[in-house]
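Asker: Turn these sequences into a full structure, and let the hints guide you.
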Amino acid sequence: MFWDQQLECIEPERLREVQLQRLKEVVKRVYEKVPFYRKKFDEAGIKPEDIRSLEDIKHLPFTSKTDMREAYPFGLFAVPLSEIVEIHTSSGTTGKPVVAGYTVKDIALWAEVMARCLVMVGATKDDIVQIAYGYGMFTGGLGFHYGAQKIGATVVPASAGNTKRQIELMKDFGTTFLACTPSYALYLTEYAKEEMGIDLSTLKLRIGSFGAEMWTEEMRKEIERRMGIKAYNVYGLTEIIGPGVAHECPAQQGLHVWEDHFYPEIIDPETGEPLPEGQEGELVLTSLTREGMPMIRFRTRDITTLHREKCACGRTLAKIERIKGRSDDMIKVRGVMIFPYQIEQAILEVQGVEPHYQIILTRPHYLDEVEVQVEMSKEIFSDDVKTIETLRKRLEKKIEQTVGVRVKVTLVEPKSIPRSEGKAKRIIDKRNLK
Amino acid sequence: MKIKQISVFLENKKGRLYEALKTIADRGINIRALSIADTSEFGILRMIVPQPEEAKKVLEEAGFTTKITNVVAVGIKDEPGGLAGVLKHLYDADINVEYIYAFVEKSGEKAVVVLRTNNLDKTIDLLQEKGVSLLSWEEIKEL
Chain A
1 MFWDQQLECI EPERLREVQL QRLKEVVKRV YEKVPFYRKK FDEAGIKPED
51 IRSLEDIKHL PFTSKTDMRE AYPFGLFAVP LSEIVEIHTS SGTTGKPVVA
101 GYTVKDIALW AEVMARCLVM VGATKDDIVQ IAYGYGMFTG GLGFHYGAQK
151 IGATVVPASA GNTKRQIELM KDFGTTFLAC TPSYALYLTE YAKEEMGIDL
201 STLKLRIGSF GAEMWTEEMR KEIERRMGIK AYNVYGLTEI IGPGVAHECP
251 AQQGLHVWED HFYPEIIDPE TGEPLPEGQE GELVLTSLTR EGMPMIRFRT
301 RDITTLHREK CACGRTLAKI ERIKGRSDDM IKVRGVMIFP YQIEQAILEV
351 QGVEPHYQII LTRPHYLDEV EVQVEMSKEI FSDDVKTIET LRKRLEKKIE
401 QTVGVRVKVT LVEPKSIPRS EGKAKRIIDK RNLK
Chain B
1 MKIKQISVFL ENKKGRLYEA LKTIADRGIN IRALSIADTS EFGILRMIVP
51 QPEEAKKVLE EAGFTTKITN VVAVGIKDEP GGLAGVLKHL YDADINVEYI
101 YAFVEKSGEK AVVVLRTNNL DKTIDLLQEK GVSLLSWEEI KEL
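So the sequence lines, in the order shown, correspond to chains A and B. By this note's numbering, the letter at position 266 of the first sequence is numbered 266, and the numbering carries on one by one without gaps. By this note's numbering, the letter at position 92 of the second sequence is numbered 92, and the numbering carries on one by one without gaps.
A hint or two may mislead.
Keeping only pairs whose Cα atoms sit at most 16 angstroms apart, straight-line, the calculated EDC-like set for lysine to aspartate or glutamate is [claimed, not checked]:
1) A:Lys378 x B:Glu98
2) A:Lys47 x A:Glu17
3) A:Lys415 x B:Glu139
4) A:Lys24 x A:Asp260
5) A:Lys193 x A:Glu168
6) A:Lys393 x B:Glu41
7) B:Lys22 x B:Glu79
8) B:Lys2 x B:Glu139
9) B:Lys13 x A:Asp268
10) B:Lys4 x A:Asp384
11) A:Lys58 x A:Asp268
12) B:Lys130 x B:Asp92
13) A:Lys378 x B:Asp92
14) B:Lys67 x A:Asp384
15) A:Lys24 x A:Asp56
16) A:Lys378 x B:Glu61
17) B:Lys13 x A:Glu413
18) A:Lys386 x B:Glu41
19) B:Lys56 x A:Glu379
20) A:Lys393 x A:Asp328
21) A:Lys415 x B:Glu60
22) A:Lys415 x B:Glu98
23) A:Lys378 x A:Glu413
24) A:Lys105 x A:Asp126
25) B:Lys67 x A:Asp56
26) B:Lys67 x B:Glu79
27) B:Lys67 x A:Glu413
28) B:Lys14 x A:Glu413
29) A:Lys415 x B:Glu61
30) A:Lys386 x B:Asp38
31) A:Lys386 x B:Asp26
32) B:Lys57 x B:Asp26
33) A:Lys58 x A:Glu349
34) A:Lys310 x A:Asp328
35) A:Lys193 x A:Glu213
36) A:Lys408 x A:Glu389
37) A:Lys408 x A:Glu375
38) A:Lys408 x B:Glu41
39) A:Lys378 x B:Glu53
Note that these hints are calculated values from the structure, not bench results. Predicted, not measured: the structure shown is a model, and the values here were computed from it.
Answerer: Spelled out as structure tokens, the structure:
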């Protein structure tokens, strides 16, 4: 199903014309209205009229999260504050949060792109959409809210938390569409079963849209099985608009980017150079039509691959693969890109509990070696050496299968991996790279 | 006839065994028997103590990973061939020994062997049937 078939299946040539036109406009607008961009463009020696083709975008400077923090709170707004009708922030676990401002038109745009996402996976006005993303400063809740209302669905704005009530609402209201984080979806199924004796797959749920954190195909299968639904991946970020930047279609093979509004590029995270289509790298997004706070070449830090082959669903818009990791966390080992998140998932699959682990990189003889230290937990400890050795080998094998690099797993005592601010430092790089 | 044994995960790191033993000593818990299984990277400390639950609690509070498992304790005459005779019964019955350790009781007349097999219930039935003396929890505490 399509919300705007003409647009979603637009001729690639026509799309590029629209994108170029919008790019020129937004670059001109931010140069005139936002001193931050004017300064950056001047420093880079680029003027709005230098943008003659879409390829010229590569001459524009990147915008980073650090830039956004420096512009806190309203330094990136392109309209007077009186035109801003809504403000959101990202969580801001490190330092100041990132602020996003929306005009009336921006909110309408947000509803539009979210409507496309929902209709794409089969939602209609007859659906009862329970939104278990947090409402408030976080963009998750309200983004889905606007989109679901736009398509005329019945919105249940449950917000995050209060698990028992979530399940009661699902049951009593006959919720058919669920939006939340994938880990919360799994938790809901466990809670329903163990605490309330309810099998969520027997309820009316039929579709789920999950995002705001990284997840895997294994998790998708598990959620689909336990809820009896089709589970889809949604992508978005506060800096660009919130949820609704990209969403999976029924083919479940990548997320269509609404690139008439959000222009995607893939760059090499180390050099900043654009990468050819089909190569894995960091996603960079430019919001072509935002009024309140346009973003020029925002470095998302998310690692993915962009594909432009025509999709089975008929859409011509580009697709990104499921986010594989964060470029800040990326490590290159023997030339292979690996992410702590992949290792975490592999350990989780083997031992069934959230692991505490640390990755130690060394280069003893001109060749990188990876040691993964995993804390021994109650759940996996055995009084038998053989059992522990078998577990250790299974961990090594699973990690190697997941990341493609052989690693050595060492089991260490609980709490022996140092934690700072509750979070463990994941990577210790002892390689002497000179 | 099952005896509770407490196991502790130890990294092969200086001072860890001492830390574990000091933790239970400070609680006034006395060790009846102990053994260590080790690899190049980690070890498993196994102990028989009169208060296994309490030992588990204090060790976990001190940050150790522990586990309580059931084992059997066999009393054997302290003379050549005593243990081999017991193992023969297990061998004939196709029961595998996972680990084993022994100590001599205070009087010196009897050796006590702690055993963990792949089938503890079958082991107990078999050894009782063969007239091998199995120590009860009370007897272990008395040792």
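Asker: Decide, hint by hint, whether the structure agrees.
Answerer: Now the hints, each set against the structure:
no. : hint                : verdict
1   : A:Lys378 x B:Glu98  : violated, 20 angstroms
2   : A:Lys47 x A:Glu17   : violated, 20 angstroms
3   : A:Lys415 x B:Glu139 : violated, 37 angstroms
4   : A:Lys24 x A:Asp260  : holds, 13 angstroms
5   : A:Lys193 x A:Glu168 : holds, 13 angstroms
6   : A:Lys393 x B:Glu41  : holds, 14 angstroms
7   : B:Lys22 x B:Glu79   : violated, 34 angstroms
8   : B:Lys2 x B:Glu139   : holds, 12 angstroms
9   : B:Lys13 x A:Asp268  : violated, 42 angstroms
10  : B:Lys4 x A:Asp384   : holds, 15 angstroms
11  : A:Lys58 x A:Asp268  : holds, 12 angstroms
12  : B:Lys130 x B:Asp92  : holds, 12 angstroms
13  : A:Lys378 x B:Asp92  : violated, 35 angstroms
14  : B:Lys67 x A:Asp384  : holds, 11 angstroms
15  : A:Lys24 x A:Asp56   : holds, 10 angstroms
16  : A:Lys378 x B:Glu61  : holds, 13 angstroms
17  : B:Lys13 x A:Glu413  : holds, 10 angstroms
18  : A:Lys386 x B:Glu41  : holds, 13 angstroms
19  : B:Lys56 x A:Glu379  : holds, 15 angstroms
20  : A:Lys393 x A:Asp328 : violated, 29 angstroms
21  : A:Lys415 x B:Glu60  : holds, 11 angstroms
22  : A:Lys415 x B:Glu98  : violated, 29 angstroms
23  : A:Lys378 x A:Glu413 : holds, 11 angstroms
24  : A:Lys105 x A:Asp126 : violated, 26 angstroms
25  : B:Lys67 x A:Asp56   : violated, 63 angstroms
26  : B:Lys67 x B:Glu79   : violated, 33 angstroms
27  : B:Lys67 x A:Glu413  : holds, 14 angstroms
28  : B:Lys14 x A:Glu413  : holds, 13 angstroms
29  : A:Lys415 x B:Glu61  : holds, 12 angstroms
30  : A:Lys386 x B:Asp38  : holds, 11 angstroms
31  : A:Lys386 x B:Asp26  : violated, 32 angstroms
32  : B:Lys57 x B:Asp26   : holds, 13 angstroms
33  : A:Lys58 x A:Glu349  : violated, 40 angstroms
34  : A:Lys310 x A:Asp328 : violated, 31 angstroms
35  : A:Lys193 x A:Glu213 : violated, 24 angstroms
36  : A:Lys408 x A:Glu389 : holds, 12 angstroms
37  : A:Lys408 x A:Glu375 : holds, 14 angstroms
38  : A:Lys408 x B:Glu41  : holds, 12 angstroms
39  : A:Lys378 x B:Glu53  : holds, 15 angstroms
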